[in-house]
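S.K.: From first to last, the protein sequence lines are chains A and B.
According to this note's numbering, the first sequence is numbered sequentially starting from 1.
According to this note's numbering, the second sequence is numbered sequentially starting from 1.
Careful: at least some of the hints might be erroneous.
Heads up, incomplete: computed chain B residues facing chain A, CB under 8 Å, no partners named [said to hold, decoys possible]:
| # | residue |
| --- | --- |
| 1 | Ala109 |
| 2 | Asp293 |
| 3 | Tyr491 |
It is worth saying that the hints were derived from the structure and are not from the lab.
Just so you know, even glycine gets a beta-carbon here, dropped at the ideal spot from N, CA and C.
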Amino acid sequence: MGQYVHRSTLATARVLSAPTRRALVPERLGRLAREMWKHRWLYLLLVPPLTYYVIFRYIPIYNAQIAFKDFRPLLGVEGSAWVGFEHFQTFFHSYYFTDLIVNTVVFSTGKLVLGMPVAIVLAIAIHESRFMFFRSLVQTVTYLPHFLSWVIMLGLLLGLLSPSSGMINEGIQAAGGQPIPFLTSPDWFRQVVISSDIWKDTGWSTILYLAALLGISPDLYEAAAVDGASRWRRIWHISLPGIVPVMVLITLLRLGNILDAGFNQIFILYSVPVYSVGDIIDTWVYRSMLDFQFSVGTAVGLFKGVFGLVLILVANQVAKRTANQSLF
Amino acid sequence: MLRTTFVKGALIGLVLIVVASACAPASTPAQTPAPSQPTVAAPAQPTQAAVSGKPVDVELWAQATSTQAGAPPDDWVGYKTIREKLNINLKYVIIPTGADGETKINAAAAANALPDFFQTVSTSSERNKCLELYKQGLIAPIDDLMKAMPTRVKTHYNDPAALSLTKFDGKQLCTVEVPNLPRREGLVIRKDWLDKLGLKAPTTIDELLVVAKAFTTQDPDGDGKNDTYGIGGYWDSGTWGLGNRFEFVTGAYGLPGLWNFANPDHFGLNVRDPDYPKALAAFKQFVDAKVIDPDWATIKRDEFRIRWPQGRYGIMWEDFAALAMKSNYAKFDGNFPNGEWVPLPALQAPTGKKAYYNAYGSVGNIFAMSKKAADAGKGPAIAKLLEWMASPEGYYLLGFGVEGVNYKVSSDGVVVTTGLPDAKLAWNAEGTQNLTQMRNQLIFTNDPKEVAARYVDFKSKNGRTISPMSFYQFFSTQPWVDSKPGQLIVYPSNRADLKRFYDENILAFVLGTKPLNDQTWADFLKGLDNLGAGKWEADAKKTLQDAGYAVK
């Protein structure tokens, strides 16, 4: 009811004259203040995360100006000389610019497009399971790899994929085949990166889908069962539509980071023979930064941020119009 | 009601703590005085801190001697002695080797938060890093410090040629510490495997291939499994092309390393030499024959040093100390008491050119004092610390530990470990390495008695004498190319692209993902020029000529 009155007041305010609207402002502010005081404990909970974002996410944006400067640490951010878009041009004119963009987008979209269905299938499978023990076991086992660092994962991957002593290659050789250099072959490297990422993070990704599945009213399942719907039908017509908002949300959020392809993972796994298919923007920046090119690194970071923002705005509009779902 | 009040109170408390933590000032760095203040006081002038009796905080960043051993503990006798004798609170931070260490230095530089005294870690040239830091205004000249260290100048800074590398505009910008023993790496082969298969040690690249094939396919360890490779190694990201571990192949063709210092009359990149593709073709034969551990392009040094003690390889390029010091040899000895590594000389290529073992360019670790430390008046304290490290007390304590516990001195003045109450506490035992982490960076002088103490002979499990120094003497007397002047060469701004192009193509040629023929090689050289390699060579030549080197 309160929300209705509020919207109604806003609608009225739009057709009122300017002086009247100005008079309404203190009244609205007063109402807002009363509402906030009423829920003051909830608002108080908001303070720590807001403080975090202001200090660690918004104030540093001020320093992004070094993307347009010849940054000298001793002169500081403000004292360094302006150089315009020079550092952006350095990046755009890099010999490997196209490679870097293609590789980055391939890894990002690959992880998103292939990783999401796997996580959804796993979440639905866990949700449909009737055995609590089995369900908990599967959840725990699939979450565990998320907590391993990529250095440890490299050790595991070498144990599996090494042409000299990896289990998979031993199997291939036992079957009469030739060992495959999975980690150093341009033909295999992308598959290894994407599949190892899915292996590591699928369990963790299921949390959101499971939460969404648990939010679906059991009445819908019961009614469908009474109507004779099979389990597959219930999944298709109830479970999947029920998690569409979460799928849209995750897709939109991931699109905002489309140029972040997972530096830690690729830096640990890649090597010179697979640079052509494995070198991404962040690894290039890392190697460039060895020569004190701080401003170039910041320019690339800014480019990634702006590109991600534009993408998220466009995708949000598309999602709103086509699927009637959106972030904002 | 009580519960509600409690919850509200807890919420308020939680929020206040978080907000207070977020808003609290970080640990306040020393106030930076105006640049007009003198950077380093004269030696006779005590610092304000010393006058007031308050200890001076000095933060030192350096790489570790024993990377796997960790930092000294907080109650380390070194910290205590330095505090009591020098009135200095030393904070010693170990930084990683290679690109990770360089990144750490760069990150601190970007934030103008460099420590007081630090190693200018670089994957290309510590000397150039020193110069770059000076250009950025982040380090201060150390001329006044040198005057305050008469003993250390005699023991550690006694090579004018080395010091001149970090001298610009008449100012000494960085220290150049005593280098590790140069030319210390070399090619070694499992003699027990040769004996078992009835083979002779190879002397040419072609013979090496024959032996490597036998080591890979003829079960040299006799365990009935096909689990050995002729050659082991890893791709060293700090070097260009094949990397340091496999340069013995290009060395056989007279072309080791990036620059052609072996032929100063035709100075330039070694890849310009018509024999270079022949060297790559020779290496490709090894790859094609599958006699090199196929993980060589993926694994790093630590993994390599796990694998060779497991008996996976019969031939490798390794540091003499990493191979033959007691603590490093122990695992191999435990696994293969009858295993025996012997050194191989520089191999000869079919071209008949003078063969080299490899190129060496190390000039010793380079250290700098941050401008911030100089402005805070810490120069004299840093000089006092370095000078003490060169005094008998500092030298023995930081180099070998506590006398009677970690070492003893023999009648002829050599540090020994015989007769210690607990052999596990010997200075060179595996468990005490964290107590002498600075020894290779700032303490040791390569004095003959010291070298004799550092690399002592020992008995293997089957009673053979293992002599690290015999390996060193063999390696160091092989024909090496002196590439130290390469430290002067400044890398172009597109180094990341240039190095990727260079490395990627060289490895593609040897791995067979790109055919190696006249046309593809010409395309490779053309690609290098498109990325500015020609200009880089011209600039490098001019830099060397300006520094007095006779290159043409």
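S.K.: Which hints from the list above does the structure break, by number from lowest to highest?
M.R.: Failing hints: none at all.
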